[in-house]
Amino acid sequence: MKTIILRTASDFLLPVLLLFSLFILLRGHYLPGGGFIGGLVAAIAFVLDAFANGLKNTKTLLKIHPGFLMPVGLSLAFVSAVTPLFFDLPLMTGLWASEPIPVIGNLGSALFFDTGVYLVVIGASLTIIFTISEAA
Amino acid sequence: MEILLAVITGLLYAAGIYMMLRRSLVKLILGIILLGNGVNLLIFLLGRITKGKPPIIPEEAKVFQEIYADPVPQALILTAIVISFGLQAFAIILVKRTYKVLGTDDLDQLNTTDEDS
Amino acid sequence: MIIPIFVTTIFKSMLLSILAGLFVAVGLIFIGKFIKNKWAAVSLTALPLGLFIYFLNYIPQIASGEIIYQKISWIPSFGVDLSFQLDGLSLLFSLMITGVGTLVFAYTSAYLKGHEYLDRFYAYLSMFMAAMLGLVLSDNLISLFVFWELTSISSFYLIGFNNTSEASRKSALTALGITGIGGLFLLAGALLLGSITDSYSIAEMLQNKDFLLQHEFYILAVIFIFGAAFTKSAQFPFHFWLPGAMKAPTPVSTYLHSATMVKAGIYLLLRFSPILGSTEFWNTTLILVGAVTMLYSAFHLLFRTDLKGILAYSTIAALGILVFLIGLGTQEAIIAALVFIVVHALYKASLFLITGIIDHETGTRDITKLAGLRKVLMPVAIAGFIAALISGGVPPSIGFVGKDLIYEATLGMPTNAILLTVIAIVTNILLFYAGFVAGVKPFTGKLPETYEKVHLPSWLMWFPPLLMVSAGMVFGIFPQLLESAFVGPATSSLVNDSEGFHLKLWHGFNTILGLSAITLVVGLLLYFILKPTHRLENFINKLEVISPKSILFFLTNGFEDFSKGWTNFFQNGYLRHYIATIVGFLVVALAFIIFSNFDLSLDVSSFSELTTYEIAIAIMMIGAVIFTVFTNSRLAAVASMGVVGFAFCLLFLFYSAPDLAMTQFSVDTLTVILFVLVLYRLPKYLHLSKNVLRLEHGILSLAFGSLITILVLKVLQEDQNSEITNFYAENSYLLAKGKNVVNVILVDFRGVDTLVEISVLIVAALGVFSLLKLRLKTRDKK
Amino acid sequence: MSNLAILSPLLIHLLFSILLMFAWRSLKWQKSLTIIGNSIALAASIWVFILVYEHGTQTVQSGNWQAPFGITFVGDMLAVTLVLLTCISGFAVAIFSVVSVIKARLKFGYFSVFHFLLMGLIGAFLTGDIFNLYVWFEIIIISSFVLISLGGEKNQLEGAVKYFTLNFLASMIFLTALGVLYGLTGTLNMADLSQKIVLLENQALVEICAVLFLVGFGIKSAVFPLYFWLPASYHTPPSAVSAIFAGLLTKVGVYALIRVFTLIFVGDLFLETLLLSIAILSIFSGGIGALIQNNIRKVFSYLIICHIGFMIGGLGLFTTVAIAGTIFYLIHDIIVKTNLFLISGLIYRLRSTSSLQKLGGLYDQYPKISLLLAIPLFSLVGIPPLSGFWPKISLILAGFEQQNYWFVGAVIFGSLITLVVIAKVWSEAFWKEPKPVKKWKKFVDFSQLKQIQKAQLIFPIAFLSVVSLYIGFGAEHIQQLSERIANELMDNQQYIDAVFKTRTDAR
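From first to last, the protein sequence lines stand for chains S, E, F and V.
Position 55 (the first sequence) corresponds to 75 in the numbering used here; numbering is contiguous.
Position 1 (the second sequence) corresponds to 12 in the numbering used here; numbering is contiguous.
Position 206 (the third sequence) corresponds to 1697 in the numbering used here; numbering is contiguous.
Position 209 (the fourth sequence) corresponds to 219 in the numbering used here; numbering is contiguous.
Looking at chain S on its own, in the form it has when it is part of the complex (with noise of 0.2 Å):
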């Protein structure tokens, strides 16, 4: 599978694929995609790599294990849901800025919620696919 065909397009790829996801993500309120769709891109992209550069290199590039991930994204999707309960409203309930940002548009509690599980699919998707990997 390492052929430097693969391996060059990966090194390409890879950010590539990355920033696809993270627009993905952020253009997911008003276009097709969010942190699903977005989480499983941004998978694929290193999965992709892991297949060019070998399990190990790719482990490097992350730093982290890819499980730390699945904490960090639910504690964040977490919070966002329960904040409201601190302004006695509902859980879940979506906090808007007042004033619209630029690119993102609307910054809300929505999207910290998307960017969580965008997180916890990364994370999950590859601690499942590495695992099977070093197993395999």
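The hints are simulated quantities; they were obtained by calculation from the structure and are not laboratory data.
Be aware that a few hints might be false.
Quick list of in silico lysine to any residue cross-link-like pairs, SDA-like style, CA-CA up to 20 Å [stated by the list, open to error]:
1) E:K64 to F:G2064
2) V:K378 to F:E1607
3) V:K206 to F:F2218
4) V:K164 to V:K449
5) E:K62 to S:L51
6) V:K378 to F:T2102
7) V:K206 to V:P377
8) V:K164 to F:G2064
9) F:K2181 to E:N122
10) E:K64 to F:T2102
11) V:K464 to V:P377
12) F:K1944 to F:E1852
13) E:K111 to S:E154
14) F:K1562 to V:G484
Label pairs and their in silico Cβ distance ranges [claimed, not checked]:
15) F:L2101 to E:Q76: 24 to 32 Å
16) F:M2111 to V:V454: 53 to 61 Å
17) V:E443 to F:N1548: 44 to 52 Å
18) S:K76 to F:E2187: 47 to 55 Å
19) V:H487 to F:V2183: 56 to 64 Å
20) F:N1699 to V:H487: 27 to 35 Å
21) F:T2047 to V:L279: 32 to 40 Å
Since we're looking at a predicted model, the values are computed, not measured.
Note that the Cβ used here is the ideal one computed from N, Cα and C, for glycine as well.
Could you slot chains E, F and V onto chain S? The hints should help.
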């Protein structure tokens, strides 16, 4: 088209169940995936299908002006797909591990826990 | 709420009298080890003795016709309360329970001296006594049932007291099983009666008597009550648990299985005879069952050589007599029954205690080996002799009075008087024999050498039986004592008009005296002629094959085989069998509804047209599915699965679901990667199933698939107008500030779904991780 | 305030599962955290229970979207009672796990998944949205898959494959039913469904939908003829895991059946007959299955099936009295069944076997523990006045009222067979002389444990036994509660009103 899709739905259910009824662990997984797809299609179809009108509000507008596809089933299916992914991944690993520990792919060999001990 | 109730009412003494036993039982769990020295054990006797005296105090009040009623609210929602009624009948039983209890408690302290589990034994006995008191004092039928079950459980523990012996355990289980069935009958009966009369109070049922007798469920209620009474009081064909129960230590046999617990069924029948009695069904059934039980067990005792066996069968016979008398139902019969309850308690308890002494000192209960013990156990021999006299109805013992009453009752019957009397006489003759064999035979004749060194045990053991039989003689000579204190009040609570009837020892020369004489003479003859031998016992044991016990065991074995067959048929270990059953069940249910309700016509006008693209996608999908199912290559199957997935993407794209298409695409990619990673480690396909089975499964699957298709088409015919969709469309941007409605639903409208969904993913990942990384060594198990 | 209150036990469990993931490496932290988390959740659930008990049904419209547009959480009396019971069981099992589950398993996320499982259960009880219910079900089953296979022993895997497949099938059937329901009504909120479904012309389709739900939930609640996964798998994982499964997992299926058949599909004769038939057959099948087993945990597994029949039967009779009986039985059963499997774990620890043939002598060797164990065992049988007895009154009375003598007979049969089975267990495991057992080399016998560890094994059992005793002796309270719940269920307008009451003041 709905008729054709309804038939395909039925076919996916039938194929899923048939594969689950086989003795091979691999076929069991394939059956599970097929059945999952069948269910997704059923929900999609029963949410009434619409061609070429994605549920995205046009850039200039604030509400929909014309007919659009029902977004609710789409959201449900999206959730279901991701959940199924988790379950299927787990199932694949479970099968792999089972094969490794038991040394067989034959489901009929997996009946010691039902025997009286 | 519960606590105040108990605090305010704890001093209402009747509840306390019951709780006392339970407190002692619980206390013994914790301080049990201190009672193992002899005097501590004796001091426990203070419990029944105190209660006995307490109940004695009530005699004047009750005799004057008063009924003491106490009620403590417990579970009003169910109409269940702790209401106690002390009338003549309850008082008679309470005195018997506590009186015999006192003697048994004292006896036990010597009988089981130094036993490792003496504390447990006392705990069980105390619990039993409490339960039994509760049973006879309860006015509420449900709380009566509560205590009824407690007696069964205590009995289970007492029979299984020697728990390392398999026979003990088996007997305990049998007894519990039989009385358990009875208990459930009682529960059903109680609930039925309660729902008919709208109250569980026995006193209130008595008020509604006429209504009950007319009710369509009268027979059913009676059957339930009979079921309870017959099992508890060991009536044919449920009698066999009682001889088995003799595995328990002798004090238990004395207390539970002759004097008190087995009389609970009798108590129930007596209690209900004013309410449900006096119908033909009631009387006939009781007479029949009683008579069969009497004769059957009286006949059986002839062949026994084990002293406790003889006593067990004679107890069953006595219980039969009681049921029989209640069945006769006349005033004379009820009085006879009440007197006989006391008589029987006195002599049978004594005989059991005596047997216990013999067993304890000589180590055997085999009647063929025992003789001449009077030389070493004189006081016991005296007690035995008197007990035999009472049992045989020899004047001037109270037994004579009792027997007279029985004959009087049978002779007084308007129909079949002769037949009934003959049955009673035959039984009495055999009981006479039993009493003499148990009470006299071991003490007469020549003392075998082996027993010369036997010596008299502690007075705690021989004094109780002596006391009881003495009471029997005193009552015989002064029957009015018995009448005023015990039988009179009890009679008045059961019979409307009890005036003008008095117990007498001497009625003058009449037919009844003649019958008594016949009983006496024939019984004595039988005793001298018939010597129990093992040969006879073996002979009768061969007949056991057709006894109710064997039949029941045969049936339970059959039931067990059936259970195995049934369970293994359904739970046979084959996953495909399970799936097929479940899907089959679903298919049958769905098909039933579909074909009984639907016309299968279809209105196609609302459906969209077919285009070439769609047909192409459809063909691709169908082909891929079929290929997945039938290919022989795993890799090809996985690949065509992938094709199915990508066809889905196209479909989603085509039908306005871009988000779905993207998700499906990514997920599909990952799944295929996963599959490929794992697949190399898995074996190749084998052709495992037989073709017939494949065909069956194919038909089942296709049936299921077709039903789903029909269902889908039918649902598509209905109008659907989704209110929520419209709301989302209108407010997605205005309120939730998003234009991709699917995404807005996911993160806002239905964000909780998503929160849980990512948790699912996490757990799945954790599961995969642990499944692959965690390897337990076999030695690390659990 | 109510915004936070109803969901607090749920959020606490979620929070602690996150914290536990962060504390992945430290076993000590994991143990302390789980005990703290479960204690807080227990306290919170008591608070919620009292709140609802005093102020009536509470709702939370998540995202502040009014029903039926958002996901509504409904804390009615039934839901919060079950949440309370879940937290009680969870608390007991967590403490039991600390000692009884081996380190290797604990190191691989046992507690984290355990909290996810409890969260899922609580969510399933509270949610008022049918698709959300599906999602909660999924977190429950995936957690249970992980817990049942954690450790990957041979028989665990065998059990897990069956458990997985059949539960997955159940989920798919559930999802199918959901799709049909949405296709018919265009809504997912259960209160809304209840209103819309009666308006539908084609009631046969509704009936089909109900049958699909019945089968989907029926598999989860292990009724005849859908129970096969249960006896195949419940005895394979560590007993702490089986305990939480036995106590709660099948009951969540029962809960879903109760909810769906009192709120959405009401008064269909065919369905009631079907429910009653499977109830009677479950009692029968489970009872005779338990009779012939030798493994003590299998005996208990079959008893679960038997007693599920009692509850489903009460639902099938569909009168207030019967439903009250079902609810009472449910309350009793959750506590007792959890305890039973903890007991089986303790017995294993005492004797290193679960085989009835080899067990024995417990009563002689550990009399006080034995008497403690006798409480749940006899509660299960329903020896009056212990907890299992009282609901039978309601069930039998309802059976007489509806003149369904088959069901009355089945209840009596089930009670009798439970009595015989438990007496047999007692006689074999506690009375008989033990047979020699080959122990694993590393097996740590009870006597070798430290005092604190012994306490951690005994305390949960004692705690649950005390709860059982309370249910038995304080039956008046439980019955009043059950009747109240039954009345709420039979009059589903209350539920609907509670969901929609704030519709007017939407934001």
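Given hint G484 (chain V) paired with K1562 (chain F) - CA-CA distance at most 20 Å: Since the Cα atoms of K1562 (chain F) and G484 (chain V) sit roughly 17 Å apart, the hinted pair holds (cutoff 20 Å).
Taking only the CA atoms, is the gap from K1944 (chain F) to E1852 (chain F) under or equal to 20 Å? holds, 10 Å
Going straight from one Cα to the other, do K64 (chain E) and T2102 (chain F) come out at no more than 20 Å? holds, 17 Å
Going straight from one Cα to the other, do K206 (chain V) and P377 (chain V) come out at no more than 20 Å? violated, 59 Å
Hint check: K464 (chain V) vs P377 (chain V), CA-CA at most 20 Å. Holds or violated? Within the cut-off at roughly 15 Å; holds.
Using the C-beta atoms of H487 (chain V) and V2183 (chain F), is the stated range 56 to 64 Å upheld? With a Cβ separation near 59 Å, H487 (chain V) and V2183 (chain F) satisfy 56 to 64 Å, so the hint holds.
Decide if the proposed pair is consistent with the structure: K206 (chain V) and F2218 (chain F), CA atoms, cutoff 20 Å inclusive. Judged against 20 Å, a Cα distance of about 17 Å means the pair holds.
Take a look at whether the Cβ-Cβ distance between T2047 (chain F) and L279 (chain V) falls inside 32 to 40 Å. With a Cβ separation near 38 Å, T2047 (chain F) and L279 (chain V) satisfy 32 to 40 Å, so the hint holds.
Distance restraint between K378 (chain V) and E1607 (chain F), which requires alpha-carbon spacing of 20 Å or less: With a Cα-Cα distance of about 15 Å, the restraint between K378 (chain V) and E1607 (chain F) holds, given a limit of 20 Å.
Can you tell me whether the CB distance of E443 (chain V) to N1548 (chain F) sits inside 44 to 52 Å? holds, 48 Å
Below or equal to 20 Å on CA atoms is what counts here, so check K164 (chain V) against K449 (chain V). Holds, because 18 Å separates the two Cα atoms, which is no more than 20 Å.
For the pair K76 (chain S) and E2187 (chain F), does the Cβ-Cβ distance stay inside 47 to 55 Å? Since K76 (chain S) and E2187 (chain F) have Cβ atoms about 51 Å apart, the given range 47 to 55 Å holds.
When held up to the earlier numbered hints, the structure conflicts with 1, 6, 7 and fits the remainder.
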